[in-house]
Each structure stands twice: as structure tokens, then as C-alpha cells.
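Participant: Sequence:
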Amino acid sequence: MIKRIITALVLLNGIFMYAQQQPNVLLIMVDDMNDWVGAFGGHPQAITPNMDKLAKKSTVFKNAYCSAALCNPSRTSMLTGYQPFRTGVYGNKEVFREMEGFENTVTLPQYFAQNGYKTVASGKIFHSPRGTAKEPKEGSDPGSFQIENKVGLGTPYPEKRFTHGIDFKRAGVKGSKTRSFDWGAVNVADEKTNDWKTADYTVKFLEKEHDKPFFLACGIFRPHLPLYAPKKYFDLFNEEEIQLPKVLENDLKDVGRVGKNWAGERLHAEILRNNKWKSAVKGYLASLAFADACVGHVLDNLEKSNYKENTIVVLMGDHGWHLGEKEHWSKQTLWEESAKTPLIIFDPRNGKSGVSLRTVSLIDVYPTLIDLCDLPKKKDLDGNSFEHLVENPKGKWNHSALTTKGLGNHTLRDENYRYIVYTDGFEELYNEKKDPMEWNNIAKDPKNKEILKKFRKELKELVK
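All the letters of the sequence shown, read from the start, carry residue numbers -19 to -1, 1 to 445 under mature numbering (1 follows the signal peptide of the UniProt record, and there is no 0).
It should be emphasised that the hints constitute simulated quantities derived from the structure, not laboratory data.
A quick note: this is a predicted structure, and the numbers were derived from the prediction, not measured.
Backbone N, C-alpha and C define an ideal beta-carbon position, used for all residues, glycine too.
Hints are not guaranteed to be accurate.
Unchecked claim - With a straight-line cut-off of 25 Å between C-alpha atoms, the simulated BS3-like cross-links for lysine-lysine are: (1) Lys131 <-> Lys74; (2) Lys34 <-> Lys131; (3) Lys430 <-> Lys227; (4) Lys428 <-> Lys445; (5) Lys37 <-> Lys285; (6) Lys445 <-> Lys415; (7) Lys241 <-> Lys425; (8) Lys360 <-> Lys37; (9) Lys360 <-> Lys99.
Stated by the list, open to error - So the derived label-pair ranges between C-beta atoms look like this: (10) Asp352 <-> Leu388: 26 to 34 Å; (11) Gln2 <-> Lys141: 36 to 44 Å; (12) Glu439 <-> Thr404: 14 to 22 Å.
Whole structure, please, built from the sequences with the hints as guidance.
Facilitator: Following this line, the structure appears as C-alpha cells:
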């Protein structure tokens, strides 16, 4: 009897030790975050000290791309491991569990739960957080996390919208964007905002003792529209000194009908007419600075916790955002500004830092985290593990990043080129080494015939 008790205790101790050895995961997602983060060099005036501090000790993926430049399809793709053309989730209204064949999909947090992890979410991880009502919000997936903080999003709204004189009817803007396309300072303390409360819930989780390894997700809503942030973050920037994005006059001249329709140049013209370009850029930079402060609240407290030596940190956006490039003021395009988003991975066991220029996709995060945490491989995923790049940022990588918008519109990005094809067959090709702003569409140049052939073949194989 005593031997059995001793044996049982040894086994339990072994399980406990295994649980302690398994790395934790802290996933931080920042909504609509383009590469205007200091460590990524997208804008020289960005104030993001906390994300930059994390980047200095991590592997920074400077060429990371979303599967779709819209919240729901991007997040669905990353969290399910399946491309939009596989699930049929192209917009913000589709629910992947309502799609035939995907009712019982095992999401990223569910897979970790199946392998002994405690899974917790605060803020926007799926397209919608659970919300504060009894019934979960549409667009959330409450079954994916064992615990989900009921919280709102972003910051309080001002008593009166700023509007900035923009005539939305003349700009051709309809629907919810007529309410959300706004920016300005609000007189509120950080602690009173939903984004800070989201971060603080994460902090409080890190202050507690846990008997299992955890998968902890924190979703910050800003810099998603509307660009309202506490006044002190707007005060960081002098509007007169704001540097505008580099743009080319008549940049859309070599873009086809579909691309021009997406660009929505009427809104850009309206912003120029009201002389509000610098003001809008300031709004984005201020909102991003506020988001960075929320991220810093989490990271600073991780450093103070018992988990700092055994927690993998993944910081990422869900897609990028245009602020006048290609005369566009949103996401939902197949160009660099929409498709690219920051990705930083810190593994405390690595002891190295570096920058990778490999073109990875957010869909690759699922299999990568499986490998980093030494979980059984999940072979049905569309993505590819880049675990080796976390340790060796210059390692071999033979995959292009695929981004999709709607049915039949795709872009492939490798380290040298971006290829785009639309439903009407119009193609774009950009030499990213010579033309990183994607100003010169070289698809019609006969010299690039073989390059086009390569991308067409690759796309056909991926989207079959």
C-alpha cells in the first residue's frame, strides 16, 4: 500500500514538474496596427517604447503578413490555422463554425487546452470579445477559451464627435465608417479606458499562482477606429511637425479597375480639401502610443512575475492600415500597407535577438507555437512552422505569404516581389527591393514574364 502511495506521489510530482517545464504563452494582439512601430521603422515619429523594448530582446519579423486585411477573416485564419478560401470567411459577418466542415474546428487556444494548458482571454482576440451581456457577442467564439474576461473595447467617446469637416456623402463613405472615421483627444485617465482594463485583467492573472501552464491572450483595440485616445498621447505630437507618409502623385494610374475602386480616393481628396492629413496621422500615432502604453503595462508586470523566465511572448497586429498611401484610408487592400503587420516573438529560452526578413504569414503562428511548446504536431493546418527562424532569423524559408480579399483576389509576397491578381484577371507586380513603396507596377514588362509565370503557378498550387 505504501509503495502504491509513493508511486502515485512520484507520478504526480512528475506531472507537476512537466507542467512547470512547459512554457507559457502570452499572446498580445493590437488591432489595425501597421508597421508604424519604432522597431519596424514605418514612421520616424512613432512613440512605442514598450514594443521597442520587447523587440530588442526578441526575434523581430519585419516581413509578416496577414491572410486577409480585415479583422474577422484575419483573426479567424490565424486562430483556426485555415486560409479564408478554405473556410469561406471573407468578411466581418461570417462565423466560421457555421461553415460546412468547420463546425468542430479546434482553434489555437483549444489545441493548447487539449494539451494541458489553462486558456484565458481578455479583450479582442476573435473578431469580437465575448462582451458584457449574458449572451456572447456575434463574432466571438466563447468556446475557444476556458476563461474570457467580459470587457468593452477601446476608449470612451467624446461628448461630441470631432468630424473635422469631412463630408462623408461627397467622400463616398457609407455605413459604420461614417460614425467611426474620426479622431481626437478625450479627457480620460488610462485606467478608465477599456483597453487599459483589458491589459490590467491580464496583469492580475500574471500575479496569481497557476497549477498549469497557460495560454494567455490580451487584445488591445486601439489604433482601430475611431482614433480616440487620452489627451496626454495626443500631446506627445506637434501637428505642424507631423511627417506625412511618402506618396506618389497619380499612384493609381497603373492599377486596374478593382484596385482603384478599393482605394476610395474620394475620401482622400476630402481629407486633403479640409487640410486634415497631418491631423489624421497624429490621431493614429497618438492611438498607437496609447496602445503601446497598455502593452507596456502587461510586459512590465510579466517581468515582475514568477513567469518571466518561462513565458513565450507573441506580439502582433491583425493587419495593417493605410493613411493616404495609394490614396486609401483603411485596410482591405492587397498592397503592403494593408497586408503587413508587426510580429515579435520572445522566447526566454533562446537567449538571442535578431531581425528576420523572411516573408512569414500570421497563419504560420499556430504551427509555430505548437513547435515552440513541443506539443504534438497538427498536420491539417494551412500554415508552416517557422520555429527555426525564432532561433535563427536568417534560416532557410521557401514560402511566400498569401493574402486574400474576397473570392478570387489574392496577393503573394516573397522577399523580392509582390504579385497581385484580381477577379477580373488584372495583375500587379512590384519589385520590393527597388520599389518598396509599390509605386511602379511592372506586370506588363515583358522582362518579367518568367516571374509572373512562377507566381501564377505558386498561387494555383496554394488555392486548390
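Participant: So does Glu439 sit 14 to 22 Å from Thr404, Cβ to Cβ?
Facilitator: Holds - the Cβ-Cβ distance for Glu439 and Thr404, about 18 Å, lies within 14 to 22 Å.
Participant: Within a Cα-Cα threshold of 25 Å, do Lys445 and Lys415 meet the stated pairing?
Facilitator: Distance of about 32 Å is beyond 25 Å: violated.
Participant: Would the hint linking Lys360 and Lys99 be met if the CA-CA limit is 25 Å?
Facilitator: holds, 23 Å
Participant: Going straight from one Cα to the other, do Lys37 and Lys285 come out at no more than 25 Å?
Facilitator: holds, 18 Å
Participant: Using the Cβ atoms, figure out if Asp352 sits within 26 to 34 Å of Leu388.
Facilitator: holds, 32 Å
Participant: Is Lys430 within 25 Å of Lys227, Cα to Cα?
Facilitator: With Cα atoms ~29 Å apart, Lys430 and Lys227 exceed 25 Å; violated.
Participant: Taking 25 Å as the top limit, are the C-alpha atoms of Lys428 and Lys445 close enough?
Facilitator: Violated, at about 28 Å.
Participant: Is the straight-line distance between the alpha-carbon of Lys360 and that of Lys37 25 Å or less?
Facilitator: Answer violated: Lys360 to Lys37 is near 33 Å, above 25 Å.
Participant: Would you check the hint for Lys34 and Lys131, treating anything up to 25 Å between C-alpha atoms as holding?
Facilitator: Measuring from Cα to Cα gives roughly 29 Å; hence the hint is violated.
Participant: Holds or violated: the 36 to 44 Å window for the beta-carbon distance between Gln2 and Lys141?
Facilitator: violated, 55 Å
Participant: Under the criterion that the straight-line Cα-Cα distance not exceed 25 Å, is the pair Lys241, Lys425 satisfied?
Facilitator: Given that 25 Å is the threshold and the Cα spacing comes to 18 Å, the pair holds.
Participant: Decide if the proposed pair is consistent with the structure: Lys131 and Lys74, CA atoms, cutoff 25 Å inclusive.
Facilitator: The given pair, whose Cα atoms are some 21 Å apart, holds under the 25 Å limit.
Hint check: violations occur at hints 2, 3, 4, 6, 8, 11; the rest are consistent with the structure.
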